[in-house]
Amino acid sequence: MSTKEMSSGIFEITERGGKHLATINLVPGASVYGEKLIEIEGCEYRIWNPKRSKLAAMMIKKFNIPIKRDSKVLYLGAASGTTVSHVSDIVSEGIVYAVEFSPRTMRDLIGLCDMRPNIVPILADANKPQSYAHIVEEVDVIFQDVAQPNQSEIAAVNAMQFLKRNGHLLLSIKARSIDTVANPKNVFKNEIRKLEHEFDVGFEILDSRELAPFHEDHLGVMARVLRVRK
Amino acid sequence: MKIITWFGTLTLDDYGKVLEWDLFPKDTSALAEILVQPKKVEIDIPPACFDIRAAAIECGFVGSTEEYNTLLRDVSIRAAKKQISGGTPDMGIIQAVEALDDIDDAANTLSERLAEWYGMYFPEVGLSSEPLARFVAKYGSRSNIPTDGHLYEKATSSMGAELAGPDEELVKGFAENICTLYDSRSRIEDYLVKSMETSAPNLVNIAGALIGARLVSMAGGLEKLARFPSSTIQVIGANRALFKHLRARAPSPKHGIIFNHPQIKNSPWWQRGKIARALAAKISLAVRMDVYSDGGLNESLKTELNAKIESIKAAHPKPPKRESKAGMGKGKGRSQNKQQNKQSNKKAGGRR
Ligand SMILES: C[S@@+](CC[C@H](N)C(=O)[O-])C[C@H]1O[C@@H](n2cnc3c(N)ncnc32)[C@H](O)[C@@H]1O
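So the protein sequences, as listed, match chains A and B. Start counting the first sequence at 56; every next residue gets the next number (my numbering). Start counting the second sequence at 2; every next residue gets the next number (my numbering).
Isolated chain A, as found in the complex (with noise of 0.2 Å):
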């Protein structure tokens, strides 16, 4: 067995021929949904899998993933963590604001919260930084995977509030949520297109891709914030 760091606190766990990708449990014993865990050289390890997670899925497609060890994370749609529980892993000196806007998910979110030291929860809607904007500071990167019609809105309006200057956006893009008929390959162009030009904040895109065989018709795109915010 061997583990490799592929990005700031992401590993790859080789074992019996199989690769895996892998974030060290920052709450060693504690399995958050049912994934594997395996200790190496002292040290444990979650499993992450990329079918269960965006952010994972664009690991495996290479993008360069910006969160480092003592990044300040906003993660808009955080559901009940599965996601979250990772980036906690990986911020294990930052932190991240979880904000998610269904009750019913917020209650697994906290159970999640309640185990970590580095989660602070918000039942919030992310259309509305406003109603956050008194608790969550200036963040390093924003992750976003909230499957809405309007998710660069959404993007735009965090960054502008919270997104430090060349932050960074983490957007998953769901074209279904977009639009149901369409063929996503448009959707995207379309997203992008909107990304790079209607929103004053100013969106440099960096990478984008999409993440299937992971996720079906969703895109990954990676931004970074060029204008200094009015």
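Don't read these hints as lab results, they were simulated from the structure. The beta carbon of each residue, even a glycine, is placed where N, CA and C say it ideally should be. It is possible that part of the hints are untrue.
To be verified - To be clear about the criterion: a stretch of chain A counts as covered by chain B if any three or more of its residues have a C-beta under 8 Å from a C-beta of chain B, and this derived list gives those stretches:
no.: 1; segment: 147-158
no.: 2; segment: 171-183
no.: 3; segment: 225-232
Please arrange chain B with the ligand on chain A, whose structure you already have, making use of the hints.
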């Protein structure tokens, strides 16, 4: 400018420098309490580039960035717990649906009274319920109808008594009250649509917000609804003893609330049972998605449902003939068909 943060209110100068501060008590539970309270409008949110963390340290609220993290985390968890324990949104949905029924009851009774009352003065008005209430609230006596009003002719030639003075005031006020009931009704409906879209987007997509809300309400909550088999979902609301209010609006008391769905209501009677079954099956899947999966809308359910309905319509373009029953009796389809026919016949019989 005065801004609010989770730890206190701050006064900033034009460059975002903190001039004055008024800190909240440094107590997890008190801070959480403040966090969940709706914010006052006259206070701003921090400007985009403002460093809340540095400000907290500068004001001496916390001694270090570690302490900032720990405290903020504890407070947020406490606040989030408070927010979700304040009743799940489906509790609100249940109450709203019941309020809707109560309003309908009250509005019906009062509207009937108004119809009878106003009928003394303008029997030819030809309106009832909400339109009548709106009309009376607006004009009062028929003599106030403008010459270009479409009831003007009828009003001038009416054989009703004259309505004026204290009588007019009374009737008009009564109608106005009924109108506020209808206003309140439509606000409740808006609320239902909104909160259903957030807590059960897939159910809304398949059943529509209002029918979905009724299902949730009758099941006693979204999670309970998710545990119902689709055969139960198909007949929810058919129990007229329990849901007497519904009766008036349901097309037939033998059928569940989903028979109000346009896809069923607008289909010929012999297709309805089959469409209801398909719809109930999809509703059941949709609710489970809403409750057990990570959220988001799954459009394929709707696509599948529409395809299924198309195929039902294509396979049964004509009403079944009674004789055909024997001819079709093959395999396991038989008992189902029989039941179906029985139901349909009853229904058809009831209509004659
Ligand atoms: C596809 S799931 C996210 C899955 C999660 N990122 C993971 O990998 O574990 C989308 C989530 O976004 C949430 N969501 C959708 N719209 C939102 C909004 N406007 N504000 C906050 N959360 C939202 C949904 O409730 C759902 O839980």
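Verdict on chain B covering the segment 171-183 of chain A, criterion of 3 CB contacts below 8 Å: Our answer is that it holds, as 7 residues pass the Cβ test (under 8 Å) against chain B, meeting three.
Report holds or violated for chain B covering the segment 225-232 of chain A, Cβ cut-off 8 Å, minimum 3 residues. Since three or more residues must qualify, the claim that chain B covers the segment 225-232 of chain A holds, with 3 doing so at under 8 Å.
Taking beta carbons only, do three or more residues of the segment 147-158 of chain A come closer than 8 Å to chain B? holds (count 4)
Hint violations for this structure: none, all hints satisfied.
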